[in-house]
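Engineer: Residue-level listing of the chains:
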Amino acid sequence: MSERLEQRGESVTPDEGRETESRAPALAVDGVSKTFGDGEDAVTAVDDVSFDIESGSIVGLLGPNGAGKTTLIKSILGMVLPDEGTVRLNGIDIRERPRAAYAQVDAMLEGARNDYWRLTVRENLRYFSTVAGVDPDAVANQHQRLLEQLELTDKADTAVRDLSRGMKQKVSLASVLAGGASIVFLDEPTLGLDVESSRTLQTELRRLATEQDITVVLSSHDMDVIETVCDRVLIMSDGTFVADDSVEELLRSTDVYGVRVVSSDFDDDLLSALQNAFEVRSVERLSPGARVEVETEGDGIYELMDWLRTRDVTPERVRTVEPGLEDLFLDLTDRAVQPTGGSLE
Amino acid sequence: MSASQSPAESRRTAGYPKLIKAVLYREYLIFVRYPANAIGGIFISLFFFGVLFFGGQVLSGQALDDSLEGIIVGYFLWTLSLGAYQSISNDIGSEVQWGTLERHIMTPFGFAPVALLKGAAKVVRTFITSVVVLGVMLLLTGTTLALNVLTTVVIATLSVLSVLGLGFAAGGITVLYKRIGNWLNLLQFLFIPLISAPIFEQPLLRILPLAHGSGLLQRAMVDGTRLWQFSAVELATLVAVAFGYLFGGYIIFQYATRRARRLGVLGDY
Numbered sequence: 001m002s003e004r005l006e007q008r009g010e011s012v013t014p015d016e017g018r019e020t021e022s023r024a025p026a027l028a029v030d031g032v033s034k035t036f037g038d039g040e041d042a043v044t045a046v047d048d049v050s051f052d053i054e055s056g057s058i059v060g061l062l063g064p065n066g067a068g069k070t071t072l073i074k075s076i077l078g079m080v081l082p083d084e085g086t087v088r089l090n091g092i093d094i095r096e097r098p099r100a101a102y103a104q105v106d107a108m109l110e111g112a113r114n115d116y117w118r119l120t121v122r123e124n125l126r127y128f129s130t131v132a133g134v135d136p137d138a139v140a141n142q143h144q145r146l147l148e149q150l151e152l153t154d155k156a157d158t159a160v161r162d163l164s165r166g167m168k169q170k171v172s173l174a175s176v177l178a179g180g181a182s183i184v185f186l187d188e189p190t191l192g193l194d195v196e197s198s199r200t201l202q203t204e205l206r207r208l209a210t211e212q213d214i215t216v217v218l219s220s221h222d223m224d225v226i227e228t229v230c231d232r233v234l235i236m237s238d239g240t241f242v243a244d245d246s247v248e249e250l251l252r253s254t255d256v257y258g259v260r261v262v263s264s265d266f267d268d269d270l271l272s273a274l275q276n277a278f279e280v281r282s283v284e285r286l287s288p289g290a291r292v293e294v295e296t297e298g299d300g301i302y303e304l305m306d307w308l309r310t311r312d313v314t315p316e317r318v319r320t321v322e323p324g325l326e327d328l329f330l331d332l333t334d335r336a337v338q339p340t341g342g343s344l345e
Numbered sequence: 001m002s003a004s005q006s007p008a009e010s011r012r013t014a015g016y017p018k019l020i021k022a023v024l025y026r027e028y029l030i031f032v033r034y035p036a037n038a039i040g041g042i043f044i045s046l047f048f049f050g051v052l053f054f055g056g057q058v059l060s061g062q063a064l065d066d067s068l069e070g071i072i073v074g075y076f077l078w079t080l081s082l083g084a085y086q087s088i089s090n091d092i093g094s095e096v097q098w099g100t101l102e103r104h105i106m107t108p109f110g111f112a113p114v115a116l117l118k119g120a121a122k123v124v125r126t127f128i129t130s131v132v133v134l135g136v137m138l139l140l141t142g143t144t145l146a147l148n149v150l151t152t153v154v155i156a157t158l159s160v161l162s163v164l165g166l167g168f169a170a171g172g173i174t175v176l177y178k179r180i181g182n183w184l185n186l187l188q189f190l191f192i193p194l195i196s197a198p199i200f201e202q203p204l205l206r207i208l209p210l211a212h213g214s215g216l217l218q219r220a221m222v223d224g225t226r227l228w229q230f231s232a233v234e235l236a237t238l239v240a241v242a243f244g245y246l247f248g249g250y251i252i253f254q255y256a257t258r259r260a261r262r263l264g265v266l267g268d269y
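Protein sequence lines correspond, in order, to chains B and Y. Read in UniProt numbering, the first sequence has 23 at position 23, and its numbers run on one by one without any break. Read in UniProt numbering, the second sequence has 207 at position 207, and its numbers run on one by one without any break.
Honestly, I wouldn't trust all of these hints.
Unchecked claim - In silico lysine to aspartate or glutamate, EDC-like type, Cα no more than 20 Å apart, as pairs:
#, chain 1, residue 1, chain 2, residue 2
1, Y, Lys21, B, Asp137
2, B, Lys168, B, Glu204
3, B, Lys155, B, Glu204
4, B, Lys155, B, Asp222
5, Y, Lys21, Y, Glu69
6, B, Lys168, B, Asp137
7, Y, Lys118, Y, Asp91
8, B, Lys168, B, Glu196
9, B, Lys168, B, Glu110
10, Y, Lys178, B, Glu110
11, Y, Lys18, B, Glu204
12, B, Lys168, B, Asp154
13, Y, Lys18, B, Asp137
14, B, Lys168, B, Asp135
15, Y, Lys21, B, Glu204
Claimed, not checked - From the derived model, a few chain Y residues whose C-beta atoms are all more than 10 Å from chain B:
#, residue
16, Tyr34
17, Phe48
18, Val51
19, Asn90
20, Glu102
21, Val131
22, Leu140
23, Gly142
24, Ala146
25, Leu186
26, Leu187
27, Arg206
28, Arg258
What the hints assert, rightly or not - According to the in silico footprint, chain Y covers these stretches of chain B (three or more CB under 8 Å from chain Y):
#, region
29, 69 to 78
30, 112 to 126
Hints were generated in silico from the structure; no laboratory data involved. A virtual CB, placed ideally from N, CA and C, is assigned to each residue, including glycine.
The shape of chain B in the complex, shown without the other chains (with noise of 0.2 Å):
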């Protein structure tokens, strides 16, 4: 099956392959595995994954290192060829027609330049707008405003390699969307930028999915990028899927917050003892007793004061603390990898 996801002589033109097949989803991926090596050096880094994604949507892949998101990544994009499964973007099966399939897509992958630090950023734009099928000149419009929103402006004739790093990133974003491909994927977009880039770059990903319908596939270890931009959450570990919903879902869906309890009668003996009993997050000395955050679910917060009753330890203080996607996202991959152990990326 793999074999046929190479790309072979088809005899369409990028033109005609910029059609889409009409209310199919941006992706939709079916049963896509992948297994590295032979006998028992076999590792499987994707297994049976399946997920839709709608047209216009940003969606966050997560997951621990070598939980496989991207060999999935790259298994959808056909640069490393799955073992089974189906990839179909916009309705285009990319085994049967990976061509028109390319004219859909771009990414920007981590870890790699993604474009040409010799050329100018304006050059880039053009370069990968061409081989993406796109006339450059039809469409230097898009590309100033492009600069424009990424706020490159000034360095559009400055080579790229002459860049702070941060600035580099966004000319790789940009280059990306310099071919108007209607589904991108990201991994990582925000590594190396700095805050303020970061909610720049987060607001244009919002623009380009409200406004031009673009579908956003977006891996990141930023929980914050992943909480505040993305419509939908996918979670991996171990090579699938441990979780998939809406951010909001996902946390209504944990038992698991913490409680931050402040007491001057904590001392070295307790602190131990609590740790023992429960999973404390953190302990912060204070003079006299301390500041600790207990992890708990349901109705673990009864348990942990019944606890410090029976001990006679006072809270002053206690705040119950809103899980996060992190908190979240650790619940789910810690039950899920500890079982089975790792996997390779």
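Put chain Y on the given structure of chain B with help from the hints.
Structural biologist: What follows is chain Y alone, placed relative to chain B:
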């Protein structure tokens, strides 16, 4: 087209003519904007020729002078081959490292036409620098050659196409095994025996890259034989060897890329 339209919406597509222009323009920009590589290459080539020429004069005197024209033509072809081979094999390695090979593969055109266009641009670029080297060599040694432009360009280009094929093959091996570029560069020393292969004594050697082309180039540049004065069989052999190795090298590159995708190591530098 309104400012709020996306490039996708505008659907003003770029076909192969635009792709050709874009790839060749990119190569041109890099050549004129960063001339240090080209100039450095010219100086290194001339330095080694100087060592060969003056060292040879000291060691063998008249014997060197008698075969000087042949040596210059051979050295010209060697610099041409070296430039074409290194630029294409190193270029593919760089594309892998930069992640741009992957980006090209996931475009409607694929990497194939881009790679071939880059190869063509490299040959032209190498021709320019090698002609400079040739000119200085002629001045330095006070030698004259029969430089029929059409004959020289056609034969030298066809000779170098076979080396371009070797460059593609080496690029493919780099895609699969990554940091072995330095080892592959050692292959360039193989060009010397190929250029000086005894094709008259051993006609079968004509099927090797460079060997037959080198023989024809010697006759063209030293004896003044014009393109149309070569036999059809000789020209057909030149064309067959050129495109055979080019095509073969490209097939190896495609196979290596496909295997890298299967192993998941395409961009894994």
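Engineer: Determine for every hint whether it applies to the structure shown.
Structural biologist: Evaluation of the provided hints:
| no. | hint | in the structure |
| --- | --- | --- |
| 1 | Y:Lys21 with B:Asp137 | 13 Å, holds |
| 2 | B:Lys168 with B:Glu204 | 16 Å, holds |
| 3 | B:Lys155 with B:Glu204 | 18 Å, holds |
| 4 | B:Lys155 with B:Asp222 | 27 Å, violated |
| 5 | Y:Lys21 with Y:Glu69 | 38 Å, violated |
| 6 | B:Lys168 with B:Asp137 | 23 Å, violated |
| 7 | Y:Lys118 with Y:Asp91 | 9 Å, holds |
| 8 | B:Lys168 with B:Glu196 | 15 Å, holds |
| 9 | B:Lys168 with B:Glu110 | 13 Å, holds |
| 10 | Y:Lys178 with B:Glu110 | 18 Å, holds |
| 11 | Y:Lys18 with B:Glu204 | 29 Å, violated |
| 12 | B:Lys168 with B:Asp154 | 14 Å, holds |
| 13 | Y:Lys18 with B:Asp137 | 10 Å, holds |
| 14 | B:Lys168 with B:Asp135 | 23 Å, violated |
| 15 | Y:Lys21 with B:Glu204 | 31 Å, violated |
| 16 | Tyr34 | 6 Å, violated |
| 17 | Phe48 | 27 Å, holds |
| 18 | Val51 | 32 Å, holds |
| 19 | Asn90 | 14 Å, holds |
| 20 | Glu102 | 5 Å, violated |
| 21 | Val131 | 24 Å, holds |
| 22 | Leu140 | 33 Å, holds |
| 23 | Gly142 | 39 Å, holds |
| 24 | Ala146 | 39 Å, holds |
| 25 | Leu186 | 27 Å, holds |
| 26 | Leu187 | 26 Å, holds |
| 27 | Arg206 | 32 Å, holds |
| 28 | Arg258 | 6 Å, violated |
| 29 | 69 to 78 | holds (count 4) |
| 30 | 112 to 126 | holds (count 10) |
Consistency with the previously given hints fails for numbers 4, 5, 6, 11, 14, 15, 16, 20 and 28, ordered from lowest to highest.
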